[in-house]
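These are the residues of each chain, in order.
Number of protein chains: 2
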Amino acid sequence: MKLSTRGRYGLKAMFDLAVHDGEGPVPLRSIAERQKVSDHYLEQLIAELRKTGLVKSVRGAQGGYMLAHKPSEITVGDIIRVLEGPLGPSDCVLENKPILCNNADHCITKMVWEKIQVSISNVIDSITLQDMLDEHKKKV
Amino acid sequence: MKLSTRGRYGLKAMFDLAVHDGEGPVPLRSIAERQKVSDHYLEQLIAELRKTGLVKSVRGAQGGYMLAHKPSEITVGDIIRVLEGPLGPSDCVLENKPILCNNADHCITKMVWEKIQVSISNVIDSITLQDMLDEHKKKV
DNA sequence: GGGAATCCCTATCATTTTACTTGGAATTAA
DNA sequence: TTAATTCCAAGTAAAATGATAGGGATTCCC
Chain E
668 MKLSTRGRYG LKAMFDLAVH DGEGPVPLRS IAERQKVSDH YLEQLIAELR
718 KTGLVKSVRG AQGGYMLAHK PSEITVGDII RVLEGPLGPS DCVLENKPIL
768 CNNADHCITK MVWEKIQVSI SNVIDSITLQ DMLDEHKKKV
Chain G
668 MKLSTRGRYG LKAMFDLAVH DGEGPVPLRS IAERQKVSDH YLEQLIAELR
718 KTGLVKSVRG AQGGYMLAHK PSEITVGDII RVLEGPLGPS DCVLENKPIL
768 CNNADHCITK MVWEKIQVSI SNVIDSITLQ DMLDEHKKKV
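Protein sequences appear in the order of chains E and G. Quick note, the first sequence lines up with residues 668 to 807 if you use our numbering. Quick note, the second sequence lines up with residues 668 to 807 if you use our numbering.
If you're looking for bench data, these hints aren't it; they were derived computationally from the structure. Careful: at least some of the hints might be erroneous.
Identical copies look the same in the list; a pair holds intra-copy or inter-copy alike.
Below, computed lysine-lysine pairings styled on DSBU-like, alpha-carbon distance capped at 30 Å [stated by the list, open to error]:
(1) 806 with 718
(2) 806 with 669
(3) 703 with 782
(4) 764 with 703
(5) 806 with 782
(6) 737 with 723
(7) 723 with 782
(8) 669 with 718
(9) 718 with 703
(10) 703 with 737
(11) 782 with 804
(12) 669 with 703
(13) 806 with 777
(14) 805 with 737
(15) 718 with 764
(16) 782 with 764
(17) 718 with 777
(18) 669 with 764
(19) 737 with 777
(20) 805 with 669
(21) 703 with 804
(22) 718 with 737
(23) 806 with 703
(24) 804 with 723
(25) 669 with 777
(26) 669 with 782
(27) 764 with 804
(28) 723 with 805
(29) 764 with 805
Input sequences plus hints: build the corresponding full structure.
Listed below in C-alpha cells is the structure:
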C-alpha cells in the first residue's frame with residue numbers, strides 16, 4: 668500500500684517546478700540534483716508528465732521544463748494518476764475500467780476498497796501545487 | 668498504490684470467518700474454496716493472523732479456524748496492518764517507525780503523504796467485520 | 001559554423017517483491 | 001488406526017521496481 672518512487676519523485680519534481688514557476692525553463696539536471704534523484708530516471712517520469720500536458724519543455728541549450736498550467740490548476744491527483752496509473756486498492760475499484768471479479772455483485776470486501784479509493788481521491792484531488800507552495804512559505 | 672493479495676485475501680478470509688462465527692471451527696480448505704484462493708497460500712496469511720491473536724485455531728480432525736473476538740471488535744485496519752505491514756504511502760509516514768529522509772523538516776510532499784495516510788487510516792479503522800456482516804445482510 | 005547544453009528516445013538489467021508451490025511433521029476426532 | 005486437519009520451512013517463476021547505458025535531435029552562444 669505504498670506509492671512507488673514514480674509518484675513520489677514525480678510530485679517532488681512538480682513541486683520544484685512550481686517553486687521556480689515564472690523563472691523560465693528549469694533544466695532537468697538541476698531538478699534532479701535538488702531533489703536528490705537519478706536524472707535519467709526522472710527524465711522518464713517527466714516525459715510522461717509532458718505527454719499528458721502537465722509540463723512544457725524547451726529544447727536545446729538554456730532549455731528545460733516548466734509547468735504547463737498555473738500551480739493552482741494542477742492537483743496532486745493529476746500528477747499521481749499519470750505516474751501511478753488509475754488509483755484503487757484493488758482491481759475491482761480501479762478508477763477508469765475496474766476489472767470485476769465474477770462475484771462483484773455480492774462481494775462485500777469491494778465495499779471496503781471503494782471507501783478507501785474514494786477517501787484517497789478526495790485527498791489528492793483537493794491539494795493543488797499552489798496549496799503546497801502556500802504551506803512551504805509558512806514553514807520558511 | 669494497490670493492496671497486495673495478502674491484504675485482500677486476508678480480509679476475504681476474515682469476513683468468511685465472521686459469516687460462520689459461532690458455528691465452531693471452520694477448516695481452512697473450505698474458506699479457500701469459497702473465496703477461490705490457493706489454500707496453501709491462505710494458510711500462510713492466516714498463520715500471521717493467528718500469531719497476532721485475531722483468529723484462534725483448533726488442530727486435528729474437525730479442526731479449523733475461528734475469530735478470536737466478536738466481529739464488532741475486529742476492524743479492517745487490524746487485519747490489513749497485520750498482512751500488509753505498517754500503513755503509509757511513503758516511508759516517511761509509515762505508522763510505527765517512519766523512515767525520515769534527511770530533508771524531512773522542510774519536505775512539503777511529506778505533508779501530502781500524511782494526509783493520505785490519515786484518510787486511509789480513518790476509513791479502515793472505522794469499518795468492523797460486523798459492519799460488513801450488516802451490509803451483507805442488506806444485500807441478500 | 002562549432003561546441004556545449006539540453007531535451008528526447010529506446011533498450012537493457014539487477015534486485016526485490018509477489019504469489020504462489022512443495023513436502024512433510026504434528027495433532028486430534030471418530 | 002486412519003483420516004482430517006493445523007503447523008512449519010523451503011523453494012521458485014514471473015512481474016514490478018528503480019534504475020543505467022547510449023546515442024540522436026535541437027537550440028543557444030560565441
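Outcome of the hint check:
1. 806 with 718: Answer is neither; intra-copy 33 Å and inter-copy 44 Å both fail.
2. 806 with 669: within (26 Å within a copy, 32 Å between copies)
3. 703 with 782: between (35 Å within a copy, 23 Å between copies)
4. 764 with 703: between (35 Å within a copy, 23 Å between copies)
5. 806 with 782: between (33 Å within a copy, 17 Å between copies)
6. 737 with 723: within (12 Å within a copy, 56 Å between copies)
7. 723 with 782: between (35 Å within a copy, 29 Å between copies)
8. 669 with 718: both (25 Å within a copy, 24 Å between copies)
9. 718 with 703: within (24 Å within a copy, 40 Å between copies)
10. 703 with 737: within (25 Å within a copy, 49 Å between copies)
11. 782 with 804: For residue 782 and residue 804, only the inter-copy Cα distance (19 Å) is at most 30 Å; the intra-copy one is 33 Å.
12. 669 with 703: Both: 20 Å inside a copy, 26 Å across copies.
13. 806 with 777: For residue 806 and residue 777, only the inter-copy Cα distance (13 Å) is at most 30 Å; the intra-copy one is 40 Å.
14. 805 with 737: The answer is within: 20 Å in one copy meets 30 Å, while 47 Å across copies does not.
15. 718 with 764: Answer is within: at 21 Å inside a copy they meet the 30 Å cutoff, but 37 Å across does not.
16. 782 with 764: both (17 Å within a copy, 26 Å between copies)
17. 718 with 777: between (33 Å within a copy, 26 Å between copies)
18. 669 with 764: Both: 21 Å inside a chain and 15 Å across chains, each within 30 Å.
19. 737 with 777: between (37 Å within a copy, 22 Å between copies)
20. 805 with 669: within (28 Å within a copy, 33 Å between copies)
21. 703 with 804: within (21 Å within a copy, 52 Å between copies)
22. 718 with 737: within (17 Å within a copy, 52 Å between copies)
23. 806 with 703: This pair counts as within: shortest intra-copy Cα distance 21 Å, inter-copy 51 Å.
24. 804 with 723: within (25 Å within a copy, 53 Å between copies)
25. 669 with 777: Classified as both; 20 Å inside a copy, 13 Å across copies.
26. 669 with 782: Cα proximity of residue 669 and residue 782: in one copy and across copies (17 Å, 14 Å).
27. 764 with 804: between (39 Å within a copy, 28 Å between copies)
28. 723 with 805: Answer is within; shortest intra-copy Cα gap is 28 Å, inter-copy 51 Å.
29. 764 with 805: between (40 Å within a copy, 27 Å between copies)
Hint 1 from the earlier list is the only one contradicted by this structure; the remaining hints agree with it.
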